[in-house]
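**Q** Each chain, written out:
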Amino acid sequence: MKILLASRMERCIGCNSCALACARLVHKRLSWSTAGIRIHSSGGISTGFLALTCLACAPPPCAAACPTGAYTPRKGGGVVVKKDLCIRCGACARACPVNAIYLDFDGSPYVCIHCGRCVAFCPHDCLEMAEVEDLRAGTKEVPS
Amino acid sequence: MIRDHFRILLMDLTAGKGKVVKVEGRDQWAGGSGLAAHLFTLYGHPERPWDDPDQPLIFAIGPLTGYFPLMSKTVAAFKSPYHDQYAESHAGGRSALALRFADYDALVLVGRAKRPSVLLVGSRMVELKEAPFLWGMDALGVAKQLRQMAPGSGHRSIWRIGPAGEKRSAMACINVDTYRHFGRLGSGAVMGVKNLKAIAVRGDASLPFDGGGEACGGTVSRDYPKLFQEIHRQLTDTQMMSKYHNLGTAGNVAALNELKSLPWRNLQATTDAKVEGISGERFADETLLRNAACAGCPVGCVHIGFVREKFMSDNRYLYRQVSYDYELIFAVGSMLGVTRSFDVLRIVDVVEKQGLDAMSGGVALAWATEALAKGLITPEQALEPLAFGDAGAFCRAMEHLGRAANEFYRDLAQGALHAARKYGGEDFACVLGQEMAGYATGELYFVAQALGFRHSHLDSAAYSWDQTHTEKDVDKGVEFLLADEPGRAFLTSMAACLFARGVYKDPLLAQALESVGYAGLARNMARVGEDIRRLRWRTRFATGFAPSEVRIPKRFAEVSTWKGPVDPAYMEALRQAYAKRLEELGKPLEDKAPA
Numbered sequence: 149m150k151i152l153l154a155s156r157m158e159r160c161i162g163c164n165s166c167a168l169a170c171a172r173l174v175h176k177r178l179s180w181s182t183a184g185i186r187i188h189s190s191g192g193i194s195t196g197f198l199a200l201t202c203l204a205c206a207p208p209p210c211a212a213a214c215p216t217g218a219y220t221p222r223k224g225g226g227v228v229v230k231k232d233l234c235i236r237c238g239a240c241a242r243a244c245p246v247n248a249i250y251l252d253f254d255g256s257p258y259v260c261i262h263c264g265r266c267v268a269f270c271p272h273d274c275l276e277m278a279e280v281e282d283l284r285a286g287t288k289e290v291p292s
Numbered sequence: 224m225i226r227d228h229f230r231i232l233l234m235d236l237t238a239g240k241g242k243v244v245k246v247e248g249r250d251q252w253a254g255g256s257g258l259a260a261h262l263f264t265l266y267g268h269p270e271r272p273w274d275d276p277d278q279p280l281i282f283a284i285g286p287l288t289g290y291f292p293l294m295s296k297t298v299a300a301f302k303s304p305y306h307d308q309y310a311e312s313h314a315g316g317r318s319a320l321a322l323r324f325a326d327y328d329a330l331v332l333v334g335r336a337k338r339p340s341v342l343l344v345g346s347r348m349v350e351l352k353e354a355p356f357l358w359g360m361d362a363l364g365v366a367k368q369l370r371q372m373a374p375g376s377g378h379r380s381i382w383r384i385g386p387a388g389e390k391r392s393a394m395a396c397i398n399v400d401t402y403r404h405f406g407r408l409g410s411g412a413v414m415g416v417k418n419l420k421a422i423a424v425r426g427d428a429s430l431p432f433d434g435g436g437e438a439c440g441g442t443v444s445r446d447y448p449k450l451f452q453e454i455h456r457q458l459t460d461t462q463m464m465s466k467y468h469n470l471g472t473a474g475n476v477a478a479l480n481e482l483k484s485l486p487w488r489n490l491q492a493t494t495d496a497k498v499e500g501i502s503g504e505r506f507a508d509e510t511l512l513r514n515a516a517c518a519g520c521p522v523g524c525v526h527i528g529f530v531r532e533k534f535m536s537d538n539r540y541l542y543r544q545v546s547y548d549y550e551l552i553f554a555v556g557s558m559l560g561v562t563r564s565f566d567v568l569r570i571v572d573v574v575e576k577q578g579l580d581a582m583s584g585g586v587a588l589a590w591a592t593e594a595l596a597k598g599l600i601t602p603e604q605a606l607e608p609l610a611f612g613d614a615g616a617f618c619r620a621m622e623h624l625g626r627a628a629n630e631f632y633r634d635l636a637q638g639a640l641h642a643a644r645k646y647g648g649e650d651f652a653c654v655l656g657q658e659m660a661g662y663a664t665g666e667l668y669f670v671a672q673a674l675g676f677r678h679s680h681l682d683s684a685a686y687s688w689d690q691t692h693t694e695k696d697v698d699k700g701v702e703f704l705l706a707d708e709p710g711r712a713f714l715t716s717m718a719a720c721l722f723a724r725g726v727y728k729d730p731l732l733a734q735a736l737e738s739v740g741y742a743g744l745a746r747n748m749a750r751v752g753e754d755i756r757r758l759r760w761r762t763r764f765a766t767g768f769a770p771s772e773v774r775i776p777k778r779f780a781e782v783s784t785w786k787g788p789v790d791p792a793y794m795e796a797l798r799q800a801y802a803k804r805l806e807e808l809g810k811p812l813e814d815k816a817p818a
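Keeping their order, the protein sequence lines are chains A and B.
The numbering of the first sequence is my numbering, which starts it at 149 and goes up by one.
The numbering of the second sequence is my numbering, which starts it at 224 and goes up by one.
It is possible that part of the hints are untrue.
[Claimed, not checked] Partial list, computed: chain B residues near chain A (C-beta under 10 Å):
(1) GLY289
(2) GLN308
(3) PHE432
(4) LYS466
(5) HIS468
(6) THR472
(7) LEU511
(8) ARG513
(9) ALA518
(10) GLY523
(11) SER536
(12) TYR540
Keep in mind that the hints were calculated from the coordinates and are not lab data.
Quick reminder that beta carbons are idealized off the backbone N, C-alpha and C, glycines included.
Start from the sequences and build out the full structure, keeping to the hints where you can.
**A** Written out as structure tokens, the structure is:
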């Protein structure tokens, strides 16, 4: 089972191609915020960029917090999302320890589903899909 | 959001109130350059001076902004303090996407805030906040404060002025997101007049693809993601990336020097062996820290170097990151005889803080240096012992220029030619409509910048024509300038980065427009481009442009390029012929109907 890793964010140029791709291809919207990956500057552009995205917790605290079963644990970490079960309570976003879940103005949550469709749009190869077994076994470094 | 009209935020700074206005004309004026000129006809006052508080400061994006890569520019339009005529200046950074996701096609600012203020705009926010404590702050410092005052980290664009804008310098820029600028023709002074220190635009809306209700004119087609992917592929292929990403535009420094087209020491020469100290290769090897990109652009042409400053004796250093480009290296490097990469960056750093346009500031100081050497200005007026190559003196002089330290620097801040009229030395003021861009390529370029709409090297490919044509055919040269313009006007109405012009050829652009629901624009690109070109010229002429009165200073007739000495007679013939054609283009309409 693979998960998305923002492994090489020191290379990020802040183009937002990944976030725009996620919004366009997964969520069918034009946005840089209603996406499973969001790029922020870490305190002004001169200090570089960071990616807010799901780290594939296992078990995921967001799924534990979800009161309606819209979020369920995904094999390998992270969550499977069933939007039609969501009541937009925001409990998932509050439970996420790394601010990876975005709530839009209506309270709908947006989280990475580890599909990897953003990866090809990164011009600097900051993102990758990695085998979760390698990460858990310690044969691959977990990026900070 | 795809709409058959424009959604504008009209902000009255005097009243502190905004108004959302629906403006018709999407299929006619497209957006960007076209929309900005149209908005100036609605809200501008051609007959009143630039600093009349009622004059609008306009920021416009285009129909493709955010929908496709490199559609990442915002067009600023205003009556310029430089020539008191209608002007445009373009910037990238996050500005365009932030406006898109604030869900406005344009911001129009009118009036004057009672006290120094900042404007916060988002899809659910319009707020004018008094901030007199920011007045006097440099353009880097004010951004740090704004990050605390304005919500939306990461998806926010901060536009601000430095001391130059507050002092109403005709070469004051608006700094955008640290490394980009509405650079040319003094937009920063227009913000200064409006008592507006900064604007923070928060892009916090998420826009649907399904048309989003009755207000929308079109819908995004199913082919859109596939087309996006194809355009992304073309823009990130190796050739494109290599040109703008590898050395970036700085790669032109050595190339133009080789072609005898790089202005040195106030254009006293066009080539110099010392170029190796400021070549793109040298900057990359010694100073390059990393690249950055405008939001929505995977090319990432922004090159960021650094300056290091020892502030205490026992090895206590501070450092700052400073972006560089070809134009900056020319303006504060070769033009000032500065031949070390780090010295160039030190001067750029001061320029950034002062909120000055680097090209204008560098070229103006080059004139001042020669004027001082010739005894036209005194050492007391110059305040510094300006001499080509003395970066320390230029750093201090740039600060004097930004802060308008004395009468001489106040005069110089209105433009080198303005100062030359008072102190003498008009012959060697390197001004072509405004301080020259770094292309001493020959007659056609000099005429094109002197008379061009933006007085920019991006108005046309004249510099490229000069590099490939030895014949002196006036009609062909002028035809080339005229034929090149409507396509560029259409692209800046999208509003594309012109680095993408090699990819966004007409058929692809039409496909892109069609795929997001602008079929009308897609069908009529040529007509719309021509109409926008004419509207821009009409607007310019209505504010007083008289091309036949524009003269090209003698210095430009004294240089040699790869073709040999510039031919003054040929240049004069080009100037007259182009001026005549522009007068035809800018004629007022006989009836009141638009276009």
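**Q** Regarding the hint that LEU511 of chain B lies at the interface with chain A, is the smallest CB-CB distance below 10 Å?
**A** This hint is violated: LEU511 of chain B lies away from chain A, its Cβ roughly 13 Å from the closest one there, beyond 10 Å.
**Q** Per the CB criterion, is PHE432 of chain B less than 10 Å away from chain A?
**A** The hint holds - PHE432 of chain B has a Cβ within 10 Å of chain A, the shortest such distance being about 5 Å.
**Q** The hint names GLY523 of chain B as touching chain A; please verify it with the least Cβ-Cβ distance against 10 Å.
**A** Holds. Min distance 4 Å.
**Q** Restraint: HIS468 of chain B near chain A, CB-CB cut 10 Å. Satisfied or not?
**A** For HIS468 of chain B, the interface hint holds, since the closest Cβ of chain A sits about 8 Å away, which is under 10 Å.
**Q** Measuring from the C-beta of ALA518 of chain B to each C-beta in chain A, is the shortest one below 10 Å?
**A** Holds, because the Cβ-Cβ distance from ALA518 of chain B to chain A comes to roughly 5 Å (cut-off 10 Å).
**Q** Hold the hint about LYS466 of chain B up to the distance rule: shortest CB distance to chain A must be less than 10 Å.
**A** This hint is violated: LYS466 of chain B lies away from chain A, its Cβ roughly 14 Å from the closest one there, beyond 10 Å.
**Q** Against chain A, is TYR540 of chain B within 10 Å by beta-carbon distance?
**A** Violated. Min distance 16 Å.
**Q** Holds or violated: the hint that ARG513 of chain B contacts chain A, with Cβ atoms closer than 10 Å.
**A** holds (8 Å)
**Q** Hold the hint about SER536 of chain B up to the distance rule: shortest CB distance to chain A must be less than 10 Å.
**A** violated (27 Å)
**Q** Holds or violated: is there a CB of chain A closer than 10 Å to the CB of GLN308 of chain B?
**A** Not OK, violated: GLN308 of chain B not within 10 Å of chain A, min 33 Å.
**Q** Can you verify the interface hint for THR472 of chain B: is its Cβ closer than 10 Å to any Cβ in chain A?
**A** violated (16 Å)
**Q** With a cut-off of 10 Å, does the beta carbon of GLY289 of chain B approach a beta carbon of chain A closely enough for the hint to hold?
**A** holds (6 Å)
Hint violations for this structure: numbers 2, 4, 6, 7, 11 and 12, all remaining hints satisfied.
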